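A.B. asks: What follows is the residue order along each chain.
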Amino acid sequence: MNAILTIINRDLRISFLHRADSLLVAGFFVITVMLFPFGIGPEPGLLERVGAGIIWVTALLATLLSLNHLFSEDERDGTLELLLTSPVEIYSIVIAKTLSHWLTSGLPLIILSPLLVAALQMPSNTILPMIIGLLLGTPTLSMIGIVGSTLTLNARLRGILMPLIILPLYIPILIFGVGCVDVESMNFSSDRLYMVLLGFLIISFTLCPWAASTALKMSFE
Amino acid sequence: MHALANPNKFLKIAKIIQPFAIIIFVFSIIPGLLFALIVSPPDYQQGETVRIMYIHVPSAWMGLFSYAIMAICSGSYLIWRYPIANMIARASAPIGAIFTTLCLLSGMLWGEPMWGTPWVWDARLTSMLVLLFLYIGYIAIGNAYENPEQGNKASAILALVGSVNLPIIKFSVDWWNTLHQPSIFSMEGISLDSSMITPLFLMVIAFQSYYIILLLINVNTQIIDSKIRAISLRL
Numbered sequence: 004m005n006a007i008l009t010i011i012n013r014d015l016r017i018s019f020l021h022r023a024d025s026l027l028v029a030g031f032f033v034i035t036v037m038l039f040p041f042g043i044g045p046e047p048g049l050l051e052r053v054g055a056g057i058i059w060v061t062a063l064l065a066t067l068l069s070l071n072h073l074f075s076e077d078e079r080d081g082t083l084e085l086l087l088t089s090p091v092e093i094y095s096i097v098i099a100k101t102l103s104h105w106l107t108s109g110l111p112l113i114i115l116s117p118l119l120v121a122a123l124q125m126p127s128n129t130i131l132p133m134i135i136g137l138l139l140g141t142p143t144l145s146m147i148g149i150v151g152s153t154l155t156l157n158a159r160l161r162g163i164l165m166p167l168i169i170l171p172l173y174i175p176i177l178i179f180g181v182g183c184v185d186v187e188s189m190n191f192s193s194d195r196l197y198m199v200l201l202g203f204l205i206i207s208f209t210l211c212p213w214a215a216s217t218a219l220k221m222s223f224e
Numbered sequence: 020m021h022a023l024a025n026p027n028k029f030l031k032i033a034k035i036i037q038p039f040a041i042i043i044f045v046f047s048i049i050p051g052l053l054f055a056l057i058v059s060p061p062d063y064q065q066g067e068t069v070r071i072m073y074i075h076v077p078s079a080w081m082g083l084f085s086y087a088i089m090a091i092c093s094g095s096y097l098i099w100r101y102p103i104a105n106m107i108a109r110a111s112a113p114i115g116a117i118f119t120t121l122c123l124l125s126g127m128l129w130g131e132p133m134w135g136t137p138w139v140w141d142a143r144l145t146s147m148l149v150l151l152f153l154y155i156g157y158i159a160i161g162n163a164y165e166n167p168e169q170g171n172k173a174s175a176i177l178a179l180v181g182s183v184n185l186p187i188i189k190f191s192v193d194w195w196n197t198l199h200q201p202s203i204f205s206m207e208g209i210s211l212d213s214s215m216i217t218p219l220f221l222m223v224i225a226f227q228s229y230y231i232i233l234l235l236i237n238v239n240t241q242i243i244d245s246k247i248r249a250i251s252l253r254l
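Line by line, the protein sequences are chains G and C.
Quick note: to get this note's numbering, add 3 to the position in the first sequence (first position is 1).
Quick note: to get this note's numbering, add 19 to the position in the second sequence (first position is 1).
In isolation and in its complexed conformation, chain G is listed as follows:
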């Protein structure tokens, strides 16, 4: 527990030192969503119908961006080797990295989402389902992303390979996350969809750290 907190502490401090990185990812999120009104056009009602999908897909892409430098920085300066040869369990290291990644990339997305819901002229009863959906979905995205990130640590063409592997696994979360918002916008309750997202979160919290720690061990043999 102490080790996990120390690693999270260190990661958060480094992210604050390079806070431009997290701000860039958040900025990418906002700018890309803002492109869609220009691209789709001023037709009334169109933007609010596709708005949930736009925000979620862009959140996925922003998470992918932030995953790129998740382990590669540490690997380049040897910190990862030190961590892996230390008495701390690799499982704890993975959990700590996932949490710090979510805090620096998922949380800004959740905080910015109400702004974008308003920008896409979506009805005001969709703000809460968007926030809760992202709150339940982005940790899962971080965890699946960590698996993809550690699997492709030393691979060639990592920038293209990682999205290819991670995005098919992101699709169910995307479907249910958008479903939450769409169902609420039609004034039905989306409680069941929140449960499904929570289920994904629990499954990925059980399976992904194991897969990521195996991948880390394998990349350092």
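FYI, nobody ran anything at the bench for these hints, they're computed from the structure.
Keep in mind that a hint or two might mislead.
[Stated by the list, open to error] Here are a few chain C residues that sit away from chain G, every Cβ distance over 10 angstroms (derived from the structure): (1) ILE103; (2) ILE155; (3) ASP212; (4) ILE236.
[What the hints assert, rightly or not] Among chain C residues calculated to face chain G with C-beta under 7 angstroms, some are: (5) VAL76; (6) TRP80; (7) LEU83; (8) PHE84; (9) ALA159; (10) ALA163; (11) LYS172; (12) ALA173; (13) VAL180.
From a predicted model like this one, the values you see are computed outputs, not experimental measurements.
No residue lacks a Cβ here, since even glycine has one placed at the ideal position from N, Cα and C.
Chain C: place on chain G using the hints.
C.D. replies: Coordinates of chain C only, in the frame set by chain G:
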């Protein structure tokens, strides 16, 4: 099963199985196609286009089966480090990818006259598409490493992670009541007429034996390849 891990033993067993597989393939594809295309009756609703089912269902089954074999062999490779397990998994991947593509394409050809649209984003079609992406990702990550051992392990982990998709595909027609037809197997028995079960069954056996033939050829080649590499390294 662990005795199969010895490559020479596997080669011996493969040599025995191969002629049987070829015979089974020939004796199931010919009557299968005959029954499917000519003898079996046209459907009362769909007419002659029901015959696409005899290609679509076996290739869907083989896509799932290949991924299951790939996942099981990847698991056994990660646990016991048998090179044969990895070879079988690597061999299954392109075969399974092509079967899945065939399933999706034949489904599109069938959907256009039947549903009015070649594609719809219902659960089964979407999860089969995800299966295809998983196959492509498996092949891509296996070849993305300078060190082949790292590539093998990375792709093995990906195969295991993606195997959560298999129950989703299988039960998707039960969980969501959307466009794709529900399963024909139930507690009351098979809900398909016997004149259609026979060609379907024959085509499944044909596709299965074809898979075994291709798999054995590919694994044989991989084993011989590794032997040549070992000899050339010693020289």
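A.B. asks: Quick one: work out the minimum CB distance from C/ILE103 to chain G and report holds if it exceeds 10 angstroms, violated otherwise.
C.D. replies: Nearest chain G Cβ is 19 angstroms from C/ILE103, so the label holds.
A.B. asks: Does C/LEU83 hold up as a contact with chain G if the rule is Cβ-Cβ below 7 angstroms?
C.D. replies: Violated, about 16 angstroms.
A.B. asks: Let's test the interface hint: is any C-beta of chain G closer than 7 angstroms to that of C/ALA159?
C.D. replies: holds (6 angstroms)
A.B. asks: Restraint: C/ALA173 near chain G, CB-CB cut 7 angstroms. Satisfied or not?
C.D. replies: holds (5 angstroms)
A.B. asks: So, as I understand it, the hint says C/TRP80 touches chain G; can you test that by seeing if any CB pair is closer than 7 angstroms?
C.D. replies: Result: violated, 21 angstroms to nearest chain G Cβ.
A.B. asks: Hold the hint about C/ALA163 up to the distance rule: shortest CB distance to chain G must be less than 7 angstroms.
C.D. replies: For C/ALA163, the interface hint holds, since the closest Cβ of chain G sits about 4 angstroms away, which is under 7 angstroms.
A.B. asks: Run the C-beta distances from C/ASP212 to all of chain G and say if the shortest one exceeds 10 angstroms.
C.D. replies: holds (35 angstroms)
A.B. asks: Just to be careful: measuring from the Cβ of C/LYS172 to every Cβ in chain G, is the smallest value less than 7 angstroms?
C.D. replies: This hint holds: C/LYS172 lies near chain G, its Cβ roughly 4 angstroms from the closest one there, short of 7 angstroms.
A.B. asks: With 10 angstroms as the threshold, tell me whether C/ILE236 passes as away from chain G on beta-carbon distances.
C.D. replies: The claim holds: C/ILE236 sits with its nearest Cβ about 28 angstroms from chain G, beyond 10 angstroms.
A.B. asks: At a threshold of 7 angstroms, is the proposed contact between C/VAL180 and chain G supported by beta-carbon distances?
C.D. replies: Status holds, d = 5 angstroms.
A.B. asks: Minimum Cβ distance from C/VAL76 to chain G below 7 angstroms?
C.D. replies: Not OK, violated: C/VAL76 not within 7 angstroms of chain G, min 23 angstroms.
A.B. asks: Does the nearest C-beta of chain G fall within a distance shorter than 7 angstroms of the C-beta of C/PHE84?
C.D. replies: violated (20 angstroms)
When held up to the earlier numbered hints, the structure conflicts with 2, 5, 6, 7 and 8 and fits the remainder.
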